[in-house]
Each structure stands twice: as C-alpha cells, then as structure tokens.
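Enquirer: One-letter residues, chain by chain:
Number of protein chains: 2
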Amino acid sequence: MDSQTTIPTEAYQKIQDYFGDRCSRAESVCLQHGRDESPFPVTPPELVVFAMNHEEIIWLVNIARHYLFPIIPFGAGTSLEGQLLAVNGGVSLDLSRMNQILHISPDDLTVTVHPGVTRIELNNQLKSYGLFFPVDPGANATIGGMCATGASGTNAVRYGTMRNNVLSMKIVTPQGVIIKTGSQAKKSSAGYDLTHLYIGSEGTLGVIVEITLRVYSLPESVAVAICSFPSIANAVKATIQIIQTGIAVARVELIDSNSVLFVNNYSKLHLPVSPMLLFEFHGSDTVVAEDAERTEDISLDHEGNNFQWVTTPEARTKLWAARHNAYFAALQAKPGCRIISTDTCVPISRLADCLLDSLNEVKETTIPFFLVGHVGDGNFHFGYMIDPNSPDEWALAEKLNTSLVMRAIEMGGTCSGEHGVGVHKKKFLEAELGKSSIDVMRMIKKSLDPHNIFNPGKILN
Amino acid sequence: MDSQTTIPTEAYQKIQDYFGDRCSRAESVCLQHGRDESPFPVTPPELVVFAMNHEEIIWLVNIARHYLFPIIPFGAGTSLEGQLLAVNGGVSLDLSRMNQILHISPDDLTVTVHPGVTRIELNNQLKSYGLFFPVDPGANATIGGMCATGASGTNAVRYGTMRNNVLSMKIVTPQGVIIKTGSQAKKSSAGYDLTHLYIGSEGTLGVIVEITLRVYSLPESVAVAICSFPSIANAVKATIQIIQTGIAVARVELIDSNSVLFVNNYSKLHLPVSPMLLFEFHGSDTVVAEDAERTEDISLDHEGNNFQWVTTPEARTKLWAARHNAYFAALQAKPGCRIISTDTCVPISRLADCLLDSLNEVKETTIPFFLVGHVGDGNFHFGYMIDPNSPDEWALAEKLNTSLVMRAIEMGGTCSGEHGVGVHKKKFLEAELGKSSIDVMRMIKKSLDPHNIFNPGKILN
Numbered sequence: 005m006d007s008q009t010t011i012p013t014e015a016y017q018k019i020q021d022y023f024g025d026r027c028s029r030a031e032s033v034c035l036q037h038g039r040d041e042s043p044f045p046v047t048p049p050e051l052v053v054f055a056m057n058h059e060e061i062i063w064l065v066n067i068a069r070h071y072l073f074p075i076i077p078f079g080a081g082t083s084l085e086g087q088l089l090a091v092n093g094g095v096s097l098d099l100s101r102m103n104q105i106l107h108i109s110p111d112d113l114t115v116t117v118h119p120g121v122t123r124i125e126l127n128n129q130l131k132s133y134g135l136f137f138p139v140d141p142g143a144n145a146t147i148g149g150m151c152a153t154g155a156s157g158t159n160a161v162r163y164g165t166m167r168n169n170v171l172s173m174k175i176v177t178p179q180g181v182i183i184k185t186g187s188q189a190k191k192s193s194a195g196y197d198l199t200h201l202y203i204g205s206e207g208t209l210g211v212i213v214e215i216t217l218r219v220y221s222l223p224e225s226v227a228v229a230i231c232s233f234p235s236i237a238n239a240v241k242a243t244i245q246i247i248q249t250g251i252a253v254a255r256v257e258l259i260d261s262n263s264v265l266f267v268n269n270y271s272k273l274h275l276p277v278s279p280m281l282l283f284e285f286h287g288s289d290t291v292v293a294e295d296a297e298r299t300e301d302i303s304l305d306h307e308g309n310n311f312q313w314v315t316t317p318e319a320r321t322k323l324w325a326a327r328h329n330a331y332f333a334a335l336q337a338k339p340g341c342r343i344i345s346t347d348t349c350v351p352i353s354r355l356a357d358c359l360l361d362s363l364n365e366v367k368e369t370t371i372p373f374f375l376v377g378h379v380g381d382g383n384f385h386f387g388y389m390i391d392p393n394s395p396d397e398w399a400l401a402e403k404l405n406t407s408l409v410m411r412a413i414e415m416g417g418t419c420s421g422e423h424g425v426g427v428h429k430k431k432f433l434e435a436e437l438g439k440s441s442i443d444v445m446r447m448i449k450k451s452l453d454p455h456n457i458f459n460p461g462k463i464l465n
Numbered sequence: 005m006d007s008q009t010t011i012p013t014e015a016y017q018k019i020q021d022y023f024g025d026r027c028s029r030a031e032s033v034c035l036q037h038g039r040d041e042s043p044f045p046v047t048p049p050e051l052v053v054f055a056m057n058h059e060e061i062i063w064l065v066n067i068a069r070h071y072l073f074p075i076i077p078f079g080a081g082t083s084l085e086g087q088l089l090a091v092n093g094g095v096s097l098d099l100s101r102m103n104q105i106l107h108i109s110p111d112d113l114t115v116t117v118h119p120g121v122t123r124i125e126l127n128n129q130l131k132s133y134g135l136f137f138p139v140d141p142g143a144n145a146t147i148g149g150m151c152a153t154g155a156s157g158t159n160a161v162r163y164g165t166m167r168n169n170v171l172s173m174k175i176v177t178p179q180g181v182i183i184k185t186g187s188q189a190k191k192s193s194a195g196y197d198l199t200h201l202y203i204g205s206e207g208t209l210g211v212i213v214e215i216t217l218r219v220y221s222l223p224e225s226v227a228v229a230i231c232s233f234p235s236i237a238n239a240v241k242a243t244i245q246i247i248q249t250g251i252a253v254a255r256v257e258l259i260d261s262n263s264v265l266f267v268n269n270y271s272k273l274h275l276p277v278s279p280m281l282l283f284e285f286h287g288s289d290t291v292v293a294e295d296a297e298r299t300e301d302i303s304l305d306h307e308g309n310n311f312q313w314v315t316t317p318e319a320r321t322k323l324w325a326a327r328h329n330a331y332f333a334a335l336q337a338k339p340g341c342r343i344i345s346t347d348t349c350v351p352i353s354r355l356a357d358c359l360l361d362s363l364n365e366v367k368e369t370t371i372p373f374f375l376v377g378h379v380g381d382g383n384f385h386f387g388y389m390i391d392p393n394s395p396d397e398w399a400l401a402e403k404l405n406t407s408l409v410m411r412a413i414e415m416g417g418t419c420s421g422e423h424g425v426g427v428h429k430k431k432f433l434e435a436e437l438g439k440s441s442i443d444v445m446r447m448i449k450k451s452l453d454p455h456n457i458f459n460p461g462k463i464l465n
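In order, the protein sequence lines correspond to chains A and B.
Note that the working numbering gives residue 291 to position 287 of the first sequence, counting from 1, and the numbers run on in steps of one.
Note that the working numbering gives residue 295 to position 291 of the second sequence, counting from 1, and the numbers run on in steps of one.
What the hints contain is simulated information worked out from the structure, not anything from laboratory work.
Some clues are possibly wrong.
Identical chains share a label here; the pair holds if one copy fits it or two copies do between them.
Said to hold, decoys possible - Simulated pairs of lysine-lysine, DSS-like, Cα-Cα distance not exceeding 30 Å:
id	residue 1	residue 2
1	Lys131	Lys430
2	Lys272	Lys439
3	Lys338	Lys184
4	Lys322	Lys403
5	Lys18	Lys131
6	Lys338	Lys131
7	Lys430	Lys184
8	Lys431	Lys403
9	Lys184	Lys322
10	Lys403	Lys184
11	Lys367	Lys338
12	Lys338	Lys403
13	Lys450	Lys184
14	Lys367	Lys131
15	Lys403	Lys241
16	Lys367	Lys184
17	Lys450	Lys338
Chain A extracted, bound-state conformation:
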C-alpha cells in the first residue's frame, strides 16, 4: 500500500480475515474495478471485495464507518460517466456474485432480485413465465447498477425508465442498517418516497441489496420496422409527429448515416447508408397492425423511404443488436479511439432545434462522430470518437459537449437523460437546476452519509 491509502493495515487485515479469497488487492482486479465504459483514466480502488449477501455488506459498512474509507458499489462496470472511479481510493464493493432471482410473481407482474442479476439473465429467466423486463440500456448492466444510475434506453418511450419500474428496494445505509424503501403494493402514499431517492443516487447514499421490479407480459405480437430518411431533420420531425399523435410505439430509435456505416461493417449488414428510424410495436395483432400503419403513413409524409418490416425473431434480434452495437462498431471503426458520449434530453417540441443545431456545430469540426437517439423521449447521444492521447481532441469533444448541454438546458432539458452524473456531469448540475437545488441535494447527502463514505466525488463535489 502506498501513501495514498485510505485503508489502514488494521482494517485491511480485518477485511481479509472476514472475506478471505473474496477480497483482492491484485493489480489486475483493482484496475478492472477502477474503470467503466467512459473514456476517463482508470482510477483503481485500493481493494476489491466480492460480497455474497447483505450481512457481509453491513459488516463492511461498519468497518468503513470506523476507519473512514470510501466504499464504491460495483455491478457490471458498464456506466458511462466515471461513476466507478475510485477518486478518493477505498474499497470497490463488487456485487456481481449477489445474482439470485429471489421471487417471480406472474400474478402481480413483479420480480424480486439481488442487485448483481444482469438484465439479460433476468429476461432469460422471465421468458418461461411469458414475462419480460423492458428497461434496456443496451449494455448487459446489472439491475442494481441500472437502479443506481436511473437507467432507461430503447423501450422507455413506452414502458418508462427505472424510475417508473422499481416498486421497492432494500438498501444498506451508511449507518450500517438495512432498510426497505417501500412495500410490494403497486402504489403507495406512505411517507417520503425513499425508493425514488435511491434511484439515480449512484451509490452515494448506500448500497442497493435487493430490488422489486415491475415486469410485463410478453406482447402477443411484436413488429419491427426500419425506415430511411433523406435527412436527420426529416427523421426527427417524423418522430415528433408519431409521439404527438399518441401512437404507443414501443421503441423509436434514430441512427445517423455514420452509425449505419459502422454498424454495417461491424455486424455484416447491408442497411442503406442514410439516417434511419428503427421502430418496434407491441400489442395484440390488431393493435400492432393499426399502430404500424399509422407510423408508416407519418414516415412517408416526412419523405421516409424503404419502410421495411423485419418479421422473423432472428432478423429483429440482429437489427437491435446492430443498434446496441453502434458504440462498439464505432470503436472498431477508429482503432484505439475512445468515445465521449453525450446524453442530453429535451422536451420533444425542442428536439429538432437542439439536435440539428448541435449537429451543425459538430460538423464544423473535424472530429469523427456518430449520433443515435431514443428520440421518442427527446434523448439523443452524440459519440465523439477521440484519440485519448490527444489533449486537443479531448478538449474539442468536451467543448462540443458543453455547448450541447447548455443548449439543452436553455431549452428546458437536462444534461443527463439516462447516463447519470458520475464525475463528468457534476459541473452541469448547477446550470441545470440552480445552486439552491444542489444545496438541497448536499443536505440530503450530508444527513444520510455524514462522513462521505459512499462513492465520494460522484454527483456532488
């Protein structure tokens, strides 16, 4: 241990005695736990602990309270804003081995899981009950991580985000006790809404150790369509009209022509290289047919062409995999690059303005980029593909991001639709909500975690 350590030898010894071989200081393990999918430099913790149950976590929290070292909850490592960097050292608390699905209640359309269960594993288990969990951020994140980040993704336009789909959680608090944030009832007005307080809290207020989610019956019918547009403006305007018409589209995703190019190469597809919308519809045969027909009509009104149905499950899966792989396809397209992903979300009436102004701005530079978006929600992501060794490219990408965020805030939007704050968006929170709102967040943090043990340096300074 070097002079930067926050974990005294005595504490380390106790932790090692308690966790045995589920406790590691190996460099490779620490490096793996000191990064996420963001481009920020790896900042490893001093120690990684793999917990199996909440009793172990309570024990660890009590040690951390005594010796005052940080705890950083870790799921799958797929966050995008530096949420997992051990900026103040301390212990990375890996929850991936707490991966049991505890209870599935088809009658209540709920499921209770440990935090380390991944999204894909959950859906694999739900399938045999005719159920699914719709929140889909692309990455195979853990459910605990998705709660902590306030994740959403492609299905949110119809099914909502994590904020809409968590009924209740169990949390180990910074006081070293376990609490439940709510009941199993579908709705409640019983006291302060602790469930929502913890969704999006990014591990700064405690550790999520159990989650009860809403799940949904697999739709009788699923249809997927793709449609090319002559410009991004046309695609966005079609989206806005589809949403405003009240069509219950399950997914409506924009991918720009750069993304199509990357994805064609990466996934061996032959999509026409122009901006596209990908649609998905869920419901009975009748409803899906009706929704799809109205969507096609609106798309054609906005000069959409090549409106194509993707009918087989295999073709659907391949197309969505392509969308989800846009990020990795871009990484492959410029070897050695890293991606700074923007995450603004604006009211849909301002989507065209915000997106097109930002697009013009990035086009005036030489930076390679791609653009994808959950446009039905007003949420879109530029991926600036930078050389991580080029300070100029970093600076340019950050400048573009700042300009975009300020434009979105000006339009009533948010700096983060779904990726959270981490270390990267802290500077924007005050611009978005005002100093007094951040002061209230600080008061909450200070009252629940007075020693700033939990994931320090994230969300708030």
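Guided by the hints, dock chain B onto chain A, whose structure is given.
Expert: Showing chain B alone in chain A's frame:
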C-alpha cells in the same frame, strides 16, 4: 391570542402589515382551515394567510424561521388523514388564489400550473387543446394538494398516480429559497430525484409553488360499462384476471351493494343492488372494442350479469359522478355520521384474501359501512360510518382499520394507497417499513427543516 399561540404579537403585526386583508384571524376562517374531509376534530391555525405568489411565501417562510412558528400549506381542504390540522398552531398558508395555468404545451403533452389550480378547472382548460389530466381522486382537489398527498384515484390503473405524472416542481424550501426539482425533459438522471421526494411529503419539507404535469391526448374513443356480480368475491376475481391478462383498462372500480343503495338514493339512479364493477376503456375505436370485448368475456366467466354499455357522455358522467359521490351519499344515508375511510393497497395476487377477510370482519360488527375500490391497483376503501359522538363507534372503527392495515402489511401491502399519512397513519409507518426506514425519513426531515416549521406532527412524530 391565547396562551397557546406560537406567533408573537410582533410577528403577527409584520404579517398583517405585509398581507393586509389577505391575512385573517377570524374564527370562521381559522375553523375552515383547521379541518379536512377526515372525521378528526377541527384544530384551527392561529392565522390564515392567502398568498398570491412565491415571493410572498418566501417572505413568510423567513418570518417563520425567525419566530419559529409552524406553516401549514392549504389547498382545497380535501385531504382525508388530518393533514391540515394545526396540531402545533401556526399559520395556515392558503394557496387557492395561486390558481393560474401558466403554460400549456400540446406538443410536449405538458402543462405548468400554480398549486391552487383545481383538477376540474385544469381539465376544463385542457379540453380545448384536446388534452386531459388523468389523475382523479374524486374530490376537486388542487394540483398542489394532489402532489403533496401523492394522490391517485380511478384512472391510476392505466395512467399512474401523481408520482408518475409530475415532471418537475418549484418549491419554497424551509431555508426560504425557491428551488426547481427537475427540468422539463421527459426523463432525467441528473442527481437526486427531488421531484419524487416532494410528492407525498404533505407540506412537511416546504411549499409547492409550481408544478409541471404530463397530460394526455383525449382518447379517440371512450367506452364505459357496468356489470353486476353475485358476490364481491366474484367481482374481485374478475378484476384480477382482467389485470393479469394485460387489458389496458382505464378504470376498474368496485362498488359494493351498500354503496349502490346509497348512490341510488343520492343520485336518483336505479342500479341493481348488488356488487358492481364499473369499467372505462380509452383508445381508438378498434382498441376500445377489443379491450371491452375481452373484459366482458372475463366478467361473464365470473358470473357477471347485466353487463351494460353506457354510451352517451351524459350517462357516463352521471355514472362516474355516482361513483365519486359514494362518500357523500353515505353521509346522507346516516345523517350526522362521519366516515373513517381506510386506504390499504395490496399486491393484486392478495387482493381477494385481504378484501374478503376484512369484509367478513366488519360484517361481524354492527357498524354501518360501504366498500369501494380502485381494485385494478389492489387499492380499496372501507368507509366506516360512525357517530362522531360515540367513543365506542370510533374505537370500533379504529380497531377494524388497524386490523385491516396489519393484514395488508402482512401481505406485502401498504397502509396508504393514496390518502397519505397525515396524523392518522403515523402509527402504521413503522409496522410497514421498519424503524430504520422511518429513521432515514427523520434524517431527511431534520436536515431540510431543522426547526420543524413545516406542517409539524404530520407523517413523522
């Protein structure tokens, strides 16, 4: 002013100078502000102030911080758990004159309002835009009050509760500053979820001074149906199957035969005196027809009879008015009575057990009662019709309520589906969530309102 006063003469003088004739100590005004729709004894504030804007509220909060007297935000006075009783004296802050609709954005399906706008007034204004706000607790509550209570009602089964339909709020905090809790974007992961913290906080953490709500396009087609059942068990079982089948019913309300009797008398109707379900369907003609047909099939499978369509808007309105008037119809049926309303909500898989066991329990007593329920959400209300001058009837009603709440909690449910906690449910919170969860709520309250100025004695002791 008597010896119980919390407002020193000096403070009173300042308030009177500032608010002029929008400040009253008149007994009738204070009595009117010291009660709600609950049966609890009137507990008047010392002073009532009618605010016109948030600057006045900030001024008042700063006076209250200096002289340390309570502030109790007041909307329409329609709460049901004693939320408005001035149990520690202080000022009732009447917000009913802050009743402007500030902005309607049909493109974004949002509306921004002052807290004193009532639900019915809002819907009157929205209608000309082809929009509506679905949350409908029955009473013509203010939007501010509905946020503070975490209200829901008949439409929640499809459109969700206040928790699902508030995008953002402005709050005057106990520090005497105004904050915004979020942006106007449809979704966000930017920091702690202050919006949800304030929904259901019952005026204990500050004053809601502006709200941005989601609104919805008026459905192309609306259909209402009623169906009688031989028993409550049959009606409940039909409901459970309808929900589990995934039919997107907009409303499914149970009314028992007592309610039908009262409502027939009160509203001059001729409904068959047996347990009934009232259904409403929203959507395109095709979707409504499909949903309604499936609902009728399931109802008939559970021995439903007299399945009748109510087709004209007038007939629909009359029927829903009857449902909403069940409370007042019961009051009329036993002159001089007051009603203790229960508000448990359980997972729908336990609804039949919880409701039927509780029904048997009340039937074993001599207490007059009625039973209505938002059964699609697992939420139901017994109304115990007590003589407020009979300590025995009070005690019996409270005993039945306690037994029901404990049964619901045992089944994973909540003591309050939608009425909130007020003074009445405080004793149940710990049973429902555990002492440690309540401790977390206390820490939040103490950090945001260290002098316990805001609506003291509500939610928490």
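Enquirer: Starting from the hint list further up, note which numbers the structure goes against and sort them upward.
Expert: 1, 2, 3, 4, 5, 6, 9, 14, 16, 17
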